[in-house]
Amino acid sequence: MTDIQQLFARQAAWQQSRENLTWEEKVRMAEAALPGLREWRAAGTPTAAPAKEALSAKPQPPIVQPAVTEN
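Going by the numbering used here, the sequence shown opens with residue 13, and the numbers climb by one from there.
Everything labelled a hint here was simulated from the structure, so no lab data went into it.
Bear in mind the structure is a predicted one, so any value in this text is a computation, not a measurement.
Treat the hints with care, as some may be off.
As the list claims (entries may be wrong) - Derived SDA-like pairs (lysine to any residue); straight-line CA-CA distance at most 25 Å: (1) LYS38 x TRP26; (2) LYS38 x GLN23; (3) LYS38 x GLN28; (4) LYS38 x ALA24; (5) LYS38 x ASP15; (6) LYS38 x LEU49; (7) LYS38 x ALA25; (8) LYS38 x ARG22; (9) LYS38 x ARG53; (10) LYS38 x GLY48; (11) LYS38 x GLU51; (12) LYS38 x ARG50; (13) LYS38 x ALA21; (14) LYS38 x THR14; (15) LYS38 x GLN27; (16) LYS38 x TRP52.
Assemble the whole structure, with the sequences as input and the hints as a guide.
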């Protein structure tokens, strides 16, 4: 098994183990992760920037779809 296949197998096992958790346990795990996530976002790392912008209260410009013309 290649490294990538092993990675996918581990990821699938991880996802299946999380699928079997109760809703309360999933919420508890998410709440436990919040302080670290807040620190990571506050650090201003480049990978944290999109998440920080997504939480912004600033209105975003509308997405304009190109007009469809019939030939």
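Which of the stated hints cannot be reconciled with the structure, identified by number in ascending sequence? The structure breaks hints 5 and 14; every other hint is satisfied.
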